[in-house]
Amino acid sequence: MNLSTTYIGLQLPHPLIAGASPLADDMDTVRKLEDAGAAAIVMRSLFEEQLVMEQMASLRHLDAHEDAHSEAQSYFPGPNRFSLGPEEYLDRLRQIKDAVRIPVFGSLNGYTPGGWLDFAKQMQDAGADALELNVYHITTDPDQSADAVEDQTVEMVKAVKAQISIPLAIKLSPFYSALAHFARRLDHAGADGIVIFNRFYEADIDPEELAVTRHLKLSDSGALLMRLRWLAILSEKIDASLAVTGGVHTGLDAIKAVMAGAHAVQMVSALLKHGPQHLERVHSEMEQWLEDHEYESLEQAQGSMNLIRCPEPQGYERANYVDILQSWE
Amino acid sequence: MSITRVMTVDGNEAVALVAHRTNEVIAIYPITPSSAMGELCDEWSAHAQCNIWGAIPKVVEMQSEGGAAGAVHGSLQAGALTTTFTASQGLLLFIPNMYKIAGELNAFCMHVAARSVASHALSIFCDHSDVMACRQTGFALLASGSVQEAHDFAAIGQASTLQTRVPFLHFFDGFRTSHEVAKIESVDDDDLRWLIGDEGVEHHRSRGLTPDHPQLRGTAQNPDVFFQAREACNPFYLACPEIVQAQMDRFAERAGRHYRLFDYVGAPDAERVVVLMGSGAQTAQEMVQWLTNRGEKVGVLKVRLYRPFSVSAFAEALPPSVRRLAVLDRTKEPGSIGEPLYLDVVAALRELRDAGNSPFEVDPLVVGGRYGLSSKEFTPAMVKAVLDELHAERPRNHFTVGIVDDVTHTSLSADSELDIEPDDVVRAVFFGLGSDGTVGANKNAIKIIGEETQLQAQGYFVYDSKKSGAMTISHLRFGPRPIDSAYLIRKASFVACHQFAFLERYDVLDYAGHGAVFLLNAPYPPDEVWDALPREVQQTILEKELRLYAIDAYKLADELKLGRRINTLMQTCFFAISGVLPRDEAIAQIKKAIEKSYGAKGHAVVARNFEAVDRALDNLHQVRPPTEITTERERPPIVPAGAPDFVKQVTALMLAGKGDLLPVSAFPVDGTWPVGTSKWEKRNIAQQIPVWDSDLCIQCNKCAMVCPHAAIRAKVFDPKRLDDAPPTYKAVAYRGAEFAGSHYTIQVAPEDCTGCLLCAAVCPAKDKSNPRHKAIDMAPSRPLVEAERENYAFFLDLPQADRTQVKLDIKGSQFFEPLFEYSGACSGCGETPYIKLLTQLFGDRALIANATGCSSIYGGNLPTTPYTTDGDGRGPAWSNSLFEDNAEFGLGFRLALDRHVDRARRLVITLASDIGEGLADELLQDGASGEAEIQAQRRRVDELRLRLAKVQTQEARELEQAADYLVKKSIWLVGGDGWAYDIGFGGLDHVLAMDHDVNMLVLDTEVYSNTGGQQSKATPIGAAAKFAVAGKEISKKDLGLEAMSYGHAYVARVAFGAKDNQTVHAFVEADSFRGPSLIIAYSPCIAHGYDLSRGLEQQKLAVKSGMWPLYRFDPRRVQQGEPPFQLDSGAPKGSVKDYMRNEARFRMVEKIDPKRSKHLQRMAQEDALRRYWVYRKLAGATPPAPEPRGSTTPPPPMKEEGR
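Taken in sequence, the protein lines are chains A and B.
1 is the number of the first residue of the first sequence in this note's numbering; add one for each residue after it.
10001 is the number of the first residue of the second sequence in this note's numbering; add one for each residue after it.
Incorrect hints may appear among the rest.
With the C-beta cut set under 7 Å, the calculated list includes, among others, these residues of chain B facing chain A [as the list claims (entries may be wrong)]:
no.: 1; residue: T10032
no.: 2; residue: L10556
no.: 3; residue: L10560
no.: 4; residue: G10563
no.: 5; residue: A10765
no.: 6; residue: K10766
no.: 7; residue: S10769
no.: 8; residue: P10771
no.: 9; residue: P10780
no.: 10; residue: P10783
Derived by calculation from the structure, the hints in this document are not laboratory data.
Values in this document were obtained by computation on a predicted structure and should not be read as measured data.
Even glycine gets a Cβ: it sits at the ideal position worked out from N, Cα and C.
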């Protein structure tokens, strides 16, 4: 069965990609992912916020004690021995590139245009085959409009595209008021792919301590449904490739995503839960299902259930809600 | 002459650059001001930088200087090229080995940043008392006087020792030279190789002990031969001076700088000459040149090679016309005829005359004097005073210069107004805050100017003794000629004050010359700056016609999210208005320097600093003063009017930076100092202070417990007292059974708080509808200070709770008055809460022996000190002996006290019939140490005194004097991990192995904190520290387990942020335990590299992860059939990573080498589990109960063993 697909201009033997996660932190796991047949590996995101915070914390809490007392000009060895830049990340990228033959994607998280976008170029130079720009930000400022938020992202995409020649995918959250329009703007700004959707750390409340706690729960197949809808809506409306992330746990999940319009299927939770070899299982489940249903290739199913081609497009639209209500009567 | 490279370095680096390249083994131990030399060498070796023979020198940090000396000696004996760096007490610990090293004629050159030896007080600053204590060891003593000379003499010393086989001690002045940053020419590798050659090296190596050609050294010799054998080395010493001169000549061939054993500068026909060595000689040279230009017949003789002292070279160096010599020593030898250099000169002249070799036209008159002890300023004016004195018919001998001695009248007076610095030298003085980056920025400025222009540059930095909110004063000179001025700037052409508040406390503009530029960081818009200045400042600006520029740097830094780091902003302003460099060039250079300094730190830091450069220029304004003073507001007095006389007359001057003006008579003769002085220094350094919400408060007292500065306190009191309370004073009904009916207050000391946030962090009481608000919130201090000052004064006047009614738990402990307050410790210090607790629980009867280190600095560094007294005038008696001997020192307290107690008890027995048998019996009861018993015994002692007054015998008088010893005292031996785990371990272990009632408190920061984060045996696996750059890979020593192995000692491991009650219990148990007790206390420290307001969370994580288990080992429990060991924390939970990733000391390793970091983390994890396993076993182990004490015959007394 031919499962091959083209995602952000890259020919892949099948759509299953190990998504951005701690999976790539460990070289053993990286090799196992390759052995399990992953079409590509996305590295964990390099967070703008984290880098800046650590750098500034270092300035404020470490440097502040230098040259401050007669007995000690510093409290740590070698002022320039360690760097708080992206070197650690780039080294890891190089290491993974050396270890595997499959494509490796860098991933950058940020929400403001700025000097940190230089990292995109540095990732390319370190050997990344593509880049994922993870727009992971919660807009809490009531003075910031949807337009402003979108403009900022579009500017970032343009800025990154201007720096790199490798493909660029944009990973979005579902929380946009006009996602389809926004996706097209990104498409026009040069995005080679749209990845839907990133999953936020969920805030929880500890009522005993009156504290906000944060959790990241692994996804399950239920998370896929919202993504299927948006894949279907965006599919064929934009030139950029589509990838799904979040909720793909089985071969059938993957088939559905492809039918909705995904060119690539990213998996994280299932792999964290069942280990890298799970990817192989999903791959064979896909193959099996397609064979059982006498498909010629995966391509035949690609986008078959999108908003344009599916038999009942209202199923993805608002009418859906009415139908269900009526069906109760 | 080879091509020279120019660099700007400080003296320590200048020396280390030579030492590292010319040695194979470097064994050191950190000590101020020499520590940086060892650290740099370690850095370079860690970076695989080679010596001139292509090998990477091995740098080892030992457990003490004694250890370093032994390692050096061994390495020399085994034939490696070896060096070391040390100073002061460290050098003294070298002395035994120095005799051996010299006696065996080892080629060895050590480098010493000369520093005062502690006598009536410790001082980290410079004089030659340490070096002079070595002049008899057989070492050659080579003195350099500037950064350039230190670099050059390091090379000459190394070359000379290899040629002469006489070991060399090369020394230079601590701080003045070791820490001065100067532009110098470097001696490159080729020069060094050429100078040192191969022959001496080969000979040295060939003398190394080896079983292939076995030899025996270190024999014991007897009366028949020792003497002759000792004299056998004479030829080497006789030859030494000539060889050194030859090396100096050779050096000159390559470097172009020619030195002589004695360098004379001055009139060829001079009649008056000063003789001295070290940096003072540079200053003397400056004055002499100034005077000879004015036709005076004066000169200076700079002594380079002090040992072996070459009488002939000395005679040759001086002009024959000399009639009078003033010999200046930077040391004091009480009881001697004179100081060493003076005695040598007198002897040399006498020898010359007696031998008929005197080249002088007349027999010169010689006087000696002392100068510069503990870095006392030595200025050209003082040199002139000395030379002027030589004019006198009978010049004073054994004089002092630089102080006013109004007791024995030794001092010469110098003209403080005399300033001989030429106008073409730019002189800039900067007042900064330790944490604002001023010194770092100035070092950058020197580098920029030194390395990018033809100008010469010099920087010297003065720090105050506080670790939080410390003031720094930078003295920068830039000029067309080499800068020899080894003294502080007096009349600056540029003065910058980076803290507006300094204007209220210091006479900042005293440093400004006429017409100088004055740059001020002022929290005001430009048009309001003038009116905000105190009257005195306005007056000086007008009188001296200063040009005033202002910038609101804190506002800008805030906008740029740079916190309190205003260094880049202020540096940019300096370059913009000082005119040292063209503005555009300067800006480009600053940016280049920012890239260099912060490039590795990350893009965000660079970007924000770049922005700071640009924004600074837009926000810098010239303020044109009106023609007259516009305010009546004067600088407030330094200390309040109610302060004791001593504080007003002595302390206040020191606080104002005018301590130099105090005469000898102002001081106690023996170093004794009054307690309780920190309360008179209101530093107002907090930007934010805690605000108490009395309604929300659950009255747990945790805020008071965690406060490192005793700046937030709790009290219960009679509500009637509230009638006189100030209007904003807050109090609430006390919720607790023990003080029913009382009111309760949590009160901040607004002017003593450092704003560390710990009280707010620990506060558990949240507002249910707005949990962001807690019972303790931080709020900007400025609007609060005035009211809270009044509230605090009222609070302090409220009576203390009855100690006998207080429950001994965390809450109760905070109703005891802290007798350790407002120390100069770092904001958020993790050590001081323990010391404070100690003083709360036992302060009124405690003797504290304090090992040298952070705790002795914030505990005993002048001008003000934190140990204080309670309302009855009782409080901790405190002393510091040394770093290495604190356990023994404290044991000495115990031994003496026991004798006093014995004496008192015997006298009670003797006088029982006079004072009443009943009272005598009660007094002699061997009571426990609870508060009630202590108070009861005090009342008995009061009664005893009353009764004794009626007894007219000598014994009664004696008992009166000794009576207080009948009340139990608590002896505490306090110090850091450097003391307990390393340098003082032998003593600590010995005291543990005895059975005396002393309590040892180890403030474990897991590094040498005071000297800047060098690793100790307490450093945990995986932490980067100096000398463990790549992360320590050996487990932290389990000191507690070692102590427990004796079985009879009380041992506890505590972390107040993790389990405060356990901490309190450990202290109480340690005190009540009649034997040695050891408490190992986890102490967050700035050397851990994180925001210390998170220190409590980190303590919790340390305990939870198993990195810092809590336990108490109490041998008394065995009597009850229980295991003596009680584990107070649970099994390790989660990963040690959860703890480690929050601290830069661990994070650095991860950044440098992630693989290694992972490996070390795994080891740390295994360690944690292993420790827990061992402790679990211990917690379940109950040994059989021993016979009760006293039931067995005591063993016979030990015999003294020979040595």
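(Q) Which constraints among the numbered hints does this structure fail? Numbers only, ascending. (A) When the structure is compared with the hints, numbers 2, 3, 5, 7, 9, 10 turn out to be violated.
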